[in-house]
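> Sequence:
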Amino acid sequence: MSGRDLDSIGSGSPSGGGLTLRTWTWIVIGLSALAFVSVSLTGIAALILAYLKRPEARGTIEETHLTYMIRTFWISLGVSLVAGVLLIVGVGIVLFMGLAVWQLYRIIRAIVLLSDNRPIPDPTSWF
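When you line the sequence shown up against the working numbering, it's residues 77 to 203, in that order.
No lab work stands behind these hints: they were computed from the structure. Hints may contain errors.
Said to hold, decoys possible - Label pairs and their in silico Cβ distance ranges:
1) G166 <-> L95: 29 to 35 angstroms
2) S114 <-> L157: 30 to 36 angstroms
3) I169 <-> V113: 16 to 22 angstroms
4) V170 <-> T200: 24 to 30 angstroms
5) G168 <-> G135: 22 to 28 angstroms
6) P197 <-> L153: 19 to 25 angstroms
7) L162 <-> I187: 26 to 32 angstroms
Given the structure is predicted, the values throughout are model-derived calculations rather than measurements. Cβ coordinates follow ideal geometry from the N, Cα and C atoms, glycine included.
Start from the sequences, fold in the hints, and give me the full structure.
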């Protein structure tokens, strides 16, 4: 990894607007959680912020969390589209329920690990 490694936490360095990378990462996770409970456009806002802040977070704990949340969004969108089509045959509802559990797991995992100042071990994994 270039720049700071995962052991030297980048949460103290101010980002644009005086906010730290840690704060921006919390905002991304919070917007994702809000999108989960309200089915709103806040998920898109979280995605845009994550993409904007990830280059700045290169080599930090926050980068793993931002990558994790970006993947959560895109996988959720893909599964939602498939589940929507499969609603016709009744299987879609099961997929939507499974997706909701999976999203909740990923959001809670991100919150717990970031609270403990730990990276996501494999941000490109399915879990």
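> Could you tell me which of the hints above the structure violates, numbers in ascending order?
1, 2 and 5
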